[in-house]
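A.B. asks: Read off the chains here:
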Amino acid sequence: MSQEVESIETEITRMKAQLQAISGKVPENKLSMVVFSGELDKVLASFVIATGAVAMGLDVVMFFTFWGTPVLRDKKKKEPAKDMMSAMFGKMLPKGARALKLSKMNMGGLGTAMMKSLMQKKNVASLDQMIEMAAELGVRIYVCEMSMDLMGFKREEMIDYPGLDYVGVAKFLEEAMNSRIQLFI
Amino acid sequence: MSQEVESIETEITRMKAQLQAISGKVPENKLSMVVFSGELDKVLASFVIATGAVAMGLDVVMFFTFWGTPVLRDKKKKEPAKDMMSAMFGKMLPKGARALKLSKMNMGGLGTAMMKSLMQKKNVASLDQMIEMAAELGVRIYVCEMSMDLMGFKREEMIDYPGLDYVGVAKFLEEAMNSRIQLFI
Amino acid sequence: MSQEVESIETEITRMKAQLQAISGKVPENKLSMVVFSGELDKVLASFVIATGAVAMGLDVVMFFTFWGTPVLRDKKKKEPAKDMMSAMFGKMLPKGARALKLSKMNMGGLGTAMMKSLMQKKNVASLDQMIEMAAELGVRIYVCEMSMDLMGFKREEMIDYPGLDYVGVAKFLEEAMNSRIQLFI
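Line by line, the protein sequences are chains A, B and C.
So in the working numbering, the last one in the first sequence is 185, and the numbering has no gaps at all.
So in the working numbering, the last one in the second sequence is 185, and the numbering has no gaps at all.
So in the working numbering, the last one in the third sequence is 185, and the numbering has no gaps at all.
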């Protein structure tokens with residue numbers, strides 16, 4: 001083998017290793033979101049972003065934590081037996097998507113009702129409809145295990161959503177570190 | 001052609017394809033921001049970040065949505081004719097950057113006034129000045145079309161800002177997925 | 001040198017340049033966070049994410065700004081002499097991690113106390129403990145110089161934290177633009 005060819009092969013081996021290293025750090029076509037806030041406006045924004053991103057070909061993961069957790073409760077399901085503290089939390093926190101309020105201008109519910117009627121008039125999907133759409137489009141939903149535990153929520157009171165999973169923060173971070181977009185809402 | 005050279009050329013073709021694939025996933029020198037909150041402190045933070053990022057050579061895109069939208073109204077412009085609901089929203093939401101309040105410690109306006117006077121004393125630019133600076137530095141501003149429609153804002157009541165554009169969430173996501181930094185504020 | 005080998009070498013030089021260019025844009029194994037909010041729930045979330053990320057091998061940088069700044073004051077340290085405005089801010093803002101309140105359901109302190117007792121019962125670390133853990137794990141903390149100045153905080157009243165540094169927004173952006181994950185909390 002000629003010297004030239006040998007040095008070319010060395011070069012190629014080095015570049016292959018570099019390519020390999022870079023590949024591992026390049027994000028996937030994915031959007032990861034923490035839904036921390038449980039207010040109507042912010043949850044709406046997170047689903048508008050989620051469904052919009054899927055439509056653009058991105059894989060989407062939503063991680064519901066803290067005040068975001070009660071949003072995923074199913075109003076139609078019977079509340080399971082709970083200890084006193086959990087029962088209290090259960091009563092005080094909104095039961096599902098329809099019970100959310102605006103973060104501003106709620107005005108005893110009037111502002112929220114106004115916004116909802118306006119959305120309907122302008123043909124913007126309701127939060128309920130957006131969650132349904134997200135399910136159809138394959139948006140993945142993770143629920144924070146620690147929040148479930150702290151607020152005393154049981155899995156049997158959460159909405160039926162395809163593939164919904166209960167995970168820790170590590171699982172979310174794993175998705176986020178391989179995502180092109182990450183948001184904390 | 002020798003076998004060695006042939007196998008090297010195959011190798012190179014494969015690496016070129018890999019390079020091509022990776023290039024498409026590597027973000028540009030860009031920062032994309034959703035400005036969802038319309039409070040003085042958060043909007044200030046978003047402009048401090050935006051102007052700081054441009055100064056560092058990043059391309060910057062701000063997407064104003066929901067409570068962020070009224071921030072860009074121009075107090076000096078005449079309010080256009082509106083239906084009742086839109087007129088109500090127009091009255092209740094702050095009219096432009098100077099009308100914003102702190103998210104905390106507003107204390108009936110006292111805290112906000114205190115912060116503003118403190119900023120002046122410490123030579124921190126006011127929000128008005130920061131928006132002007134952002135315009136000069138080439139920070140791009142997108143306004144959410146859906147929010148404009150929901151809140152009944154008209155384009156003729158918004159500030160004059162070079163290149164300001166009205167877009168949907170898809171346009172923002174396109175920018176965000178090619179950005180090194182994305183923030184939701 | 002044969003023509004074939006020559007054209008291969010040209011090819012390799014070109015690919016090397018491309019690799020070099022891409023390398024500069026590929027993020028490091030890092031997570032950068034702006035901690036803007038000073039509420040117990042959000043600060044807790046930021047430390048849960050920070051310590052979780054370090055455990056996964058990510059380098060973590062937290063940039064404390066605005067309402068996040070007073071969180072890092074040390075309750076045990078004597079308040080330094082201040083002008084009137086700064087003294088007022090000092091009194092009105094929470095003095096350190098134990099003084100924080102929930103963003104929702106604080107109910108005059110009752111909700112916050114309930115959450116804290118619940119966390120203890122469920123073996124979730126307190127915020128104080130999480131900050132200690134973050135220090136041990138090597139989470140880096142930056143404090144916004146402008147916020148320190150605006151709120152009139154002095155360095156001698158801040159917590160002892162290994163490597164804690166006072167920086168401007170540019171320093172944070174430099175870290176963020178080389179990070180796989182960026183969050184604004």
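It is worth saying that the hints were derived from the structure and are not from the lab.
Some hints could be false.
Same chains, same names: a pair is fine if it fits in one copy or spans any two.
To be verified - Calculated cross-link-like contacts (lysine-lysine; reagent style BS3-like; alpha-carbon spacing at most 27 Å):
#1 LYS122 x LYS77
#2 LYS16 x LYS30
#3 LYS171 x LYS95
#4 LYS101 x LYS121
#5 LYS30 x LYS122
A.B. asks: Take the hints in turn and mark each one as holding or not.
C.D. replies: Results for each hint:
1. Proximity of LYS122 to LYS77 under the C-alpha cut-off of 27 Å is restricted to the inter-copy arrangement: shortest distance 26 Å between copies versus 31 Å within a copy.
2. For a Cα distance limit of 27 Å, the shortest separation of LYS16 from LYS30 qualifies both inside one copy, at 25 Å, and across copies, at 24 Å.
3. In this assembly of identical chains, the alpha carbons of LYS171 and LYS95 lie at most 27 Å apart only when taken from the same copy (26 Å versus 34 Å across copies).
4. Within a single copy, LYS101 and LYS121 get their C-alpha atoms as close as 19 Å, which meets the 27 Å cut-off; across copies the closest is 30 Å, which misses it.
5. Taking identical chains as interchangeable, the C-alpha atoms of LYS30 and LYS122 are never at most 27 Å apart, the minima being 30 Å within one chain and 33 Å between chains.
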